[in-house]
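Enquirer: Read off the chains here:
2 protein chains.
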Amino acid sequence: MQETVRVALDAMGGDNAPGEVVKGAVEAVNAKENIKVFLVGKEEAVKGELSKYTYPLDRIEVVNASEVITTEEAPVMAIRRKKDSSIVVGQKLVKNGEADAFISAGSTGAILVGGQLVVGRIHGVERPPLATLIPTVNGVALLVDSGANVDARASHLVQFAKMGSIYMEHVIGIKKPRVAIVNVGVEEEKGNALVKETFPLLKECEDINFTGSIEAREIPHGGADVIVAEGFTGNVILKLYEGLGSALISKIKGGMMSTFRSKMGALLVKPALKETLKTFDATEYGGAPMLGLNGLVVKTHGNASSKEVKNTIFQCVTFKEQKINEKIKALFAEKPEK
Amino acid sequence: MQETVRVALDAMGGDNAPGEVVKGAVEAVNAKENIKVFLVGKEEAVKGELSKYTYPLDRIEVVNASEVITTEEAPVMAIRRKKDSSIVVGQKLVKNGEADAFISAGSTGAILVGGQLVVGRIHGVERPPLATLIPTVNGVALLVDSGANVDARASHLVQFAKMGSIYMEHVIGIKKPRVAIVNVGVEEEKGNALVKETFPLLKECEDINFTGSIEAREIPHGGADVIVAEGFTGNVILKLYEGLGSALISKIKGGMMSTFRSKMGALLVKPALKETLKTFDATEYGGAPMLGLNGLVVKTHGNASSKEVKNTIFQCVTFKEQKINEKIKALFAEKPEK
Numbered sequence: 001m002q003e004t005v006r007v008a009l010d011a012m013g014g015d016n017a018p019g020e021v022v023k024g025a026v027e028a029v030n031a032k033e034n035i036k037v038f039l040v041g042k043e044e045a046v047k048g049e050l051s052k053y054t055y056p057l058d059r060i061e062v063v064n065a066s067e068v069i070t071t072e073e074a075p076v077m078a079i080r081r082k083k084d085s086s087i088v089v090g091q092k093l094v095k096n097g098e099a100d101a102f103i104s105a106g107s108t109g110a111i112l113v114g115g116q117l118v119v120g121r122i123h124g125v126e127r128p129p130l131a132t133l134i135p136t137v138n139g140v141a142l143l144v145d146s147g148a149n150v151d152a153r154a155s156h157l158v159q160f161a162k163m164g165s166i167y168m169e170h171v172i173g174i175k176k177p178r179v180a181i182v183n184v185g186v187e188e189e190k191g192n193a194l195v196k197e198t199f200p201l202l203k204e205c206e207d208i209n210f211t212g213s214i215e216a217r218e219i220p221h222g223g224a225d226v227i228v229a230e231g232f233t234g235n236v237i238l239k240l241y242e243g244l245g246s247a248l249i250s251k252i253k254g255g256m257m258s259t260f261r262s263k264m265g266a267l268l269v270k271p272a273l274k275e276t277l278k279t280f281d282a283t284e285y286g287g288a289p290m291l292g293l294n295g296l297v298v299k300t301h302g303n304a305s306s307k308e309v310k311n312t313i314f315q316c317v318t319f320k321e322q323k324i325n326e327k328i329k330a331l332f333a334e335k336p337e338k
Numbered sequence: 001m002q003e004t005v006r007v008a009l010d011a012m013g014g015d016n017a018p019g020e021v022v023k024g025a026v027e028a029v030n031a032k033e034n035i036k037v038f039l040v041g042k043e044e045a046v047k048g049e050l051s052k053y054t055y056p057l058d059r060i061e062v063v064n065a066s067e068v069i070t071t072e073e074a075p076v077m078a079i080r081r082k083k084d085s086s087i088v089v090g091q092k093l094v095k096n097g098e099a100d101a102f103i104s105a106g107s108t109g110a111i112l113v114g115g116q117l118v119v120g121r122i123h124g125v126e127r128p129p130l131a132t133l134i135p136t137v138n139g140v141a142l143l144v145d146s147g148a149n150v151d152a153r154a155s156h157l158v159q160f161a162k163m164g165s166i167y168m169e170h171v172i173g174i175k176k177p178r179v180a181i182v183n184v185g186v187e188e189e190k191g192n193a194l195v196k197e198t199f200p201l202l203k204e205c206e207d208i209n210f211t212g213s214i215e216a217r218e219i220p221h222g223g224a225d226v227i228v229a230e231g232f233t234g235n236v237i238l239k240l241y242e243g244l245g246s247a248l249i250s251k252i253k254g255g256m257m258s259t260f261r262s263k264m265g266a267l268l269v270k271p272a273l274k275e276t277l278k279t280f281d282a283t284e285y286g287g288a289p290m291l292g293l294n295g296l297v298v299k300t301h302g303n304a305s306s307k308e309v310k311n312t313i314f315q316c317v318t319f320k321e322q323k324i325n326e327k328i329k330a331l332f333a334e335k336p337e338k
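Chains A and B, in that order, are what the protein sequence lines are.
Start counting the first sequence at 1; every next residue gets the next number (the numbering used here).
Start counting the second sequence at 1; every next residue gets the next number (the numbering used here).
Source of the hints: derived by calculation from the structure; they are not laboratory data.
Fair warning: there could be bad hints in the mix.
Chain copies aren't distinguished; within one or between two, either way the pair holds.
What the hints assert, rightly or not - Simulated pairs of lysine-lysine, DSS-like, Cα-Cα distance not exceeding 27 angstroms:
#, residue 1, residue 2
1, Lys190, Lys82
2, Lys32, Lys327
3, Lys263, Lys253
4, Lys83, Lys190
5, Lys32, Lys83
6, Lys175, Lys251
7, Lys36, Lys307
8, Lys203, Lys270
9, Lys327, Lys278
With the hints as extra help, turn the sequences into a complete structure.
Expert: Pasting the structure below:
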C-alpha cells in the first residue's frame with residue numbers, strides 16, 4: 001500500500017489565491033490517491049472556493065489562518081509577528097509532523113525565513129538553499145542557490161552541490177548528475193576568491209560528479225545538470241533568464257508583425273512556436289524546494305496556475321517517496337562538515 | 001580642421017585575423033578622413049592582406065610585431081614575456097603617445113593586463129573596468145564592469161558608475177543616463193555585503209543620476225542605462241546574455257521547422273525576424289572599452305568582422321573627440337577618492 005503524502009498548501013499566497021490554489025489542490029487529489037492536502041488560509045474564503053468542486057472529502061482539510069503576509073512586508077518581522085498567518089500556520093504543520101511538505105506562492109522572503117525559523121534545518125546543514133529548475137535546450141538544470149543566501153561561504157556551496165545532486169538524481173531522475181560551479185572562465189586559476197576557495201573542495205567530494213567550472217554562456221545550452229552558485233549570483237542568473245526570455249519573445253513578436261508578409265507567416269508559425277517556447281518557460285517546471293530542512297518547503301511562482309500547483313504537489317510526493325530528506329540526513333550524519 | 005585620431009590595431013588578434021582586421025582598417029580610412037591606423041602584427045602577413053585594397057597610403061602604417069599572444073596563455077606571464085607581441089607593441093604606441101587608442105580582438109585577459117601594466121591607469125582610478133554595451137528592448141545599456149575586476153570593492157564600483165555615466169552620455173549620447181546597481185531586489189535593505197556598502201555611496205554622488213537597484217530581470221527591458229556590477233556578476237550577466245540569446249534562437253528555429261505549416265510560415269517571417277534579432281545581438285555594438293586608462297584600449301569580439309572593426313575605430317574617434325579621458329581625469333582630480 002502506498003503511503004499517503006500530506007501537503008500543507010498556502011491558500012492565500014500568490015496573485016491567483018485562493019482560486020487557482022484551491023483548484024490545483026482539487027485536481028491533485030482527484031488525480032492521485034495517496035495525497036492529502038491541508039488548505040491553510042481564511043476558512044470562509046477557502047471553503048467558498050472548495051464548494052465549487054467535487055472531490056473525496058476526507059482528502060482535503062481546511063486549516064484556518066486569520067492573517068496573510070504580503071510581499072511588501074519585511075520577512076523576519078512578518079514571520080515573528082503574524083503567528084496566525086497562512087505561512088506560519090502551514091509551516092508549523094510540517095514542523096509538528098502533521099504535514100510532510102508546505103507549498104506557497106507567497107512572499108519568497110517570508111517563506112525562506114519561515115523555513116529556517118519555523119521548520120528548522122536538518123542537523124549539519126549550514127544554510128538551506130533554494131533550488132530552482134531552469135530550462136535548457138535539451139531539458140532542465142537545477143540552479144542552487146537561486147537566492148536564499150547572499151554572501152554564502154565555500155562550505156555552504158559544497159553543501160548546495162551535494163544536496164542539489166541528490167535532488168537532481170532522485171526527483172528528476174538524472175543518473176550521476178554533472179555538477180558545475182558558475183565561474184568567469186573554465187581554467188582552474190580563474191574565479192573570484194569564493195570560487196577559488198570552493199573549487200578544490202568540490203573536486204575532493206567523492207559523492208558528487210563534479211565537472212569543474214561552467215561559464216554562464218553554457219548554462220542554457222545544458223552544460224551541467226546542477227549549477228552551483230552563491231545566492232547573489234544565482235538570483236541574477238534566475239532573474240536574467242526570466243527577463244531575457246520575455247524581452248526576446250516580445251522582440252520576436254514585434255518582428256513578426258512588422259511587415260504584411262511576416263504577418264501572414266506569423267499566423268502559420270504561431271502554434272508550433274508556442275509549443276516550443278513553452279519548453280523554455282521557467283514557470284512550467286513546478287516549484288523551487290528549499291533543501292536541507294526538517295520537512296519540505298516549496299516556493300511556487302507568484303502567478304502559479306492550478307496546473308503548477310498540482311504539479312508542485314506531485315513533486316512533493318516524489319520528494320517523499322524518494323526519501324530525499326533521509327538521504328540528506330545520512331549525508332551529513334556520515335561526514336559532519338564542522 | 002579636424003584632429004586626426006590615431007588608432008593602433010592588433011592585426012593578429014581574433015579568429016578572423018589578419019584578413020577581417022585589415023579589411024576593417026581599410027574601410028575605416030576610406031570612410032573618414034581624420035583617421036590614421038597602425039596595423040600591428042607580422043609585417044609580411046599584414047602587407048599581404050593590405051595589397052588587396054586601395055586606400056590613402058599615408059593613413060595606414062604597418063608596425064611589425066613578431067610575436068602573438070594566444071587566448072590559451074596565462075595573461076600576466078604572456079604580457080611580461082612577449083615584449084614583441086602585437087598586444088604589447090600596440091599598447092606601447094598608446095603609452096608613448098604615438099597612438100590615441102588600441103583595439104584588439106585577441107585574448108581578453110592579456111588586453112586587460114596590458115592595459116594596466118603597459119598603458120597604465122589615469123591618476124586616481126583604482127581599477128579600470130571593462131564597459132560593454134548590451135542590447136535592450138529599446139536600445140542599449142552599458143554594463144560596467146563586465147569582467148575586468150572580480151572581487152572589486154565598493155569604492156571601485158563607485159568609480160565604475162561615474163566613468164560609465166560619462167561614456168554613456170558623451171559617446172552614446174544619452175543625457176543624464178540612469179545609473180543602477182545590480183541587486184537581488186529593489187528595496188534598499190536588499191543585497192549582499194558589497195551592494196549594501198556601495199548603495200549609500202552611489203546615493204551620495206552628485207555627478208551621476210543614480211536611480212537605485214536593478215534586478216537582472218529588468219536589464220533586458222531597459223530598466224537603466226548604466227548597469228553597475230562587480231566584475232564577477234557583470235561577466236555572468238554578459239555571458240548569460242550571449243548564451244540565452246543563442247539558445248532561444250536555436251529553439252525558435254527548431255520550432256519553426258517542426259511542422260509543414262510552420263515551415264511555410266518561417267519562409268515568410270524570416271526576413272523581418274532576422275532584422276529584429278540583429279538589434280538584440282551583442283556583437284552589433286562595437287567593442288568594449290577599458291575605462292580609466294591613459295589612452296583608450298578597446299576589446300572587440302573574438303569573431304569580429306571587418307564591419308565591427310570599422311565601427312570600433314569610429315567609436316575611438318568619438319571617444320577622442322568627446323574628450324572622455326579628459327573628463328575622467330577632471331573627475332578624479334577634483335575629488336580624489338583616496
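Enquirer: Looking back at the hints listed earlier, which ones does the structure fail to meet?
Expert: 5, 8, 9
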